[in-house]
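Protein chains in written order, with the working numbering: chain A, 1 to 315; chain B, 1 to 315; chain C, 1 to 315; chain D, 1 to 315.
It cannot be assumed that every hint is accurate.
Sample of chain C residues facing chain A (criterion: CB under 10 Å; computed from the structure) [said to hold, decoys possible]:
1. 36
2. 86
3. 281
None of these hints come from the bench; they were simulated from the model. For each residue, glycine too, the CB sits at the ideal point set by N, CA and C.
Protein chains: 4
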Amino acid sequence: MNLTDVQRAEIAALRDTTAPTRRASVPALEEMLYQALPVLDHGFVRVIDYMGDDAAIVQAARVSYGRGTRRVSEDAGLIRYLMRHRHSTPFEMCEIKYHVKLPIFVARQWIRHRTANVNEYSARYSILDREFYIPAPEHLAAQSDSNRQGRGAVLEGQEASDVLDLLRADATRTYDNYAAMLNEDADGQPRDPARQGLARELARMNLTLNTYTQWYWKTDLHNLLGFLSLRADAHAQYEIRAYADVMLETAKAWVPATHAAFMDYRMGAITLSAGMLAVVRRMLAGEAVEQPGSFLSRREWTEMMHALAAPRPDP
Amino acid sequence: MNLTDVQRAEIAALRDTTAPTRRASVPALEEMLYQALPVLDHGFVRVIDYMGDDAAIVQAARVSYGRGTRRVSEDAGLIRYLMRHRHSTPFEMCEIKYHVKLPIFVARQWIRHRTANVNEYSARYSILDREFYIPAPEHLAAQSDSNRQGRGAVLEGQEASDVLDLLRADATRTYDNYAAMLNEDADGQPRDPARQGLARELARMNLTLNTYTQWYWKTDLHNLLGFLSLRADAHAQYEIRAYADVMLETAKAWVPATHAAFMDYRMGAITLSAGMLAVVRRMLAGEAVEQPGSFLSRREWTEMMHALAAPRPDP
Amino acid sequence: MNLTDVQRAEIAALRDTTAPTRRASVPALEEMLYQALPVLDHGFVRVIDYMGDDAAIVQAARVSYGRGTRRVSEDAGLIRYLMRHRHSTPFEMCEIKYHVKLPIFVARQWIRHRTANVNEYSARYSILDREFYIPAPEHLAAQSDSNRQGRGAVLEGQEASDVLDLLRADATRTYDNYAAMLNEDADGQPRDPARQGLARELARMNLTLNTYTQWYWKTDLHNLLGFLSLRADAHAQYEIRAYADVMLETAKAWVPATHAAFMDYRMGAITLSAGMLAVVRRMLAGEAVEQPGSFLSRREWTEMMHALAAPRPDP
Amino acid sequence: MNLTDVQRAEIAALRDTTAPTRRASVPALEEMLYQALPVLDHGFVRVIDYMGDDAAIVQAARVSYGRGTRRVSEDAGLIRYLMRHRHSTPFEMCEIKYHVKLPIFVARQWIRHRTANVNEYSARYSILDREFYIPAPEHLAAQSDSNRQGRGAVLEGQEASDVLDLLRADATRTYDNYAAMLNEDADGQPRDPARQGLARELARMNLTLNTYTQWYWKTDLHNLLGFLSLRADAHAQYEIRAYADVMLETAKAWVPATHAAFMDYRMGAITLSAGMLAVVRRMLAGEAVEQPGSFLSRREWTEMMHALAAPRPDP
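Take the sequences, apply the hints, and build the full model.
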């Protein structure tokens, strides 16, 4: 992650300015505010603003005139209850806004979460930076044999170095040609006065999908948790999970009671279908159930046995 | 509007507590925070929290690292530009949360605006207060002759007093019977030990639609302005317009540049259809156009002439 | 449910008219189309239109040029996979539109599901029918002792008949006064020429919450299932569950493979939190776990034991 | 646009199959159904399914039991009224589903319209076709001098041919390297048995933004019109406008009365701000207003004079 001196100064200026507020405030999140938390090779997540805290969830659930809170333990208990019974509206009463720098192919996965507000840096209007994502060697994985949308072993030796060379060379060349077609120097003057320069909205089509873009992204806590439950999950593509993991840390600083309930009831939880539940009941009654007599498909059986056997994160 | 002493104390406690924040803050809105701004006979609007300010709109539109603002005049110009060209996403970067007390029939109009977060006081879970809306005499209007969903002249004399008597008597009686069916006293004990008491989720069906309910309602600035453009409009029912007018004042305190642009480009603006525009062009060229030769229906002609003739609110 | 002769004739006319279409069609749902399926004492659900079928889900998941389907068993397997792994977007590719007649207090619960399109009969513009919901004796329940938003035993004897009398009398009186304040006869002429008549938008506030309203309600299959998973659930209030149960039948006729997967993976499923899962693992390993050593609260323990013990609907 | 023989056969099979339906049907749109309407060099728009017609809008607006329609002229008049007064909910009662093949940079603009359902072809799971968008010479425009997000004159001569060569060469090379890194032949077997092949979810990052993707996209008529009003507009980038223009034709076949009202009240309409309206009133009163005395900025003055002077599309 390379910030320019101007950008660092802008961030420092924001962090140096405080004002008194009557609003709910969270010191642990204030501490993180505006800082660029690094992700991947050139990306970051910055918390720009937030509304509400754990107590605001309680306040809204009770539609109260005041803070709505009683003892901290009672509040945490109510939050656990709301999470367990999927009462989503109180969690919508908190809101967070991020500034994110991310590769375009990650942005395309991310934007599928529609209940959010987005302002993306416009490559129709402006010129993108010369930055692209190149995986670290340990993330350069082969196609999975068993899962059509998954990764297998890490590539090694000549194949790995060939892939990295190709990714670097192609991204560099297409960016350089993008810049050449634009025909603008740093001051917006023509590099070559004999050429007009291709329109920005057209030239951008020459960039590869690992080029970095950036956006402001704002959502409520309920939808943030929905995003994290899918994207901080082991089945998510590593590159978006790297962002989700950092955002999960910001959620922990922001709303610790909600974060704890979320880890217990969502991230660490499993869902048993009616058919799986019937099997578990038979097992608990002492029966030795096998897949053929379980009424479950082989795939569902495997998924269930994996869930029941594997150690999961502690609550 | 009658707040209990406990409620007043809770509000005062919130207002007395401040904390330093690095977030964008708006002193004029901080001044209003948590206060119950009266609406109708027993209703109110309270600003509970907010995120962002005019500069946050500019910051998001520019996807900037810092505050994003330049001179105040440039910011206001950009906000006017965004409003004029219906760039909605930067305005979504600000968020506001209200606590509102309102009659149920108003809540039913309001909830049609779906892009918002809502926590309503649950009459399944709790007992509603004994408060209902009775129109002030100057708002007790007859059915309009010309507009099937509008109001005509104010009722007067015997008819007016009969209507007010009926509204009061019916609301009072149905509430008293609601309480009787519940069979609970203020401490949650049975009034009449011989009766079980009807379930709250059933008893509430006996209440009239002018009974007050309350909710937390949170939305982004873009959707707030969409709500206000419909509900602070002269065609809106007076009872919801009374809320919209108060909320428009909170928006003015919160985001003054956006409010000014909104008054100019939305509240005070008119839309000319292609057909109307053709007529205006002919008029500007000096032609004396009449409805029969205008290609407009009589209704559209009347609406256009009204819009072109009537004084509108200043920008 | 009382339809007028005119309404019956309109429905019959719609049912008698067919046209050839190239679109996906579902004979079992065509059979139900437009019919008023009765709910509660005066309500109904009518399927007005639909888009797509089970195969359309497969077609969208595969982004295919043709029907996208292979063998029926493969399609059902893919649908089960999509449901199990919460892939929601393919289910959004089917859409259904209902005409529903329902008490206002049910409409107020229902409208909390925001991802839907709604056109409600306007009591600002028109006059509501003289119909209100009165619970059947077996649904006239006392407040639950254990659950603040639940029902207990059925009311009996004098208390039951008193409640029914009160509900009927109050609904009748408030409706009659509504009609009197409107001062309109069936032809829209003044009943009493000496009175102006109160505006409809005001008079409606005198109606009780069990008055019937009606709306067109349209949503996609994913959101329909979300609605049904909450409202066809045993914890939902009986009056809205009665609607959900009928709609669940329409879903079964429309998309049988999706319905079967939904019953297995959502309606009949349970979620085990990380903490509950740890307990189940210990139990499966043969340990006799008790609540005090389970790290679960008493409430969570009870909920888990109930889920593991109780018979659930078959898949 | 190159469809394979298999794809053509699948489309033909869909078009050859009809079934009787009681639903609202539109012969003119049935005629278009499933056909690939070409857009740009390799893209297309296919209408896959639809729900409702002009009469369904009327039916929902009236919450009727039957078809809801009266005379065709009355229906058209109601639709014009609803459009003029921005009553959006009746238009939400119609739904349409498209299959679209489009360059990724166009998909990224399009997806900003969030109120729609989308299933995109997954390059995590599958391998993209070797197709990329190369602008026709007449669309190869220079950057605009006056508008930072617009196009100027068409490029000519050497600069034009250089740009086309670069675009073609870079897209070809990056695609070939994508295929090489994947190391799969047409049957999914390794090209080079000595290599593992890079995971699909990683290899795709090497593709340029003019690579074609495809998706199923479904939305309601209200949101379709919102999309078209922005994307069929002269200020939209040509490449997305090409799609919007074709979709506008499908809307005309589907809901002709709504289309006509839309062209009059939205596409051909202008909005006058409060300040502009004040100027027009002075002009209509015979005053010769100039910009300096207009209270409008130079930019707003220019925009207004342009709108009042320029010929607009006929209603």
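Hints numbered earlier in the text: which of these fail when held up against the supplied structure? 1
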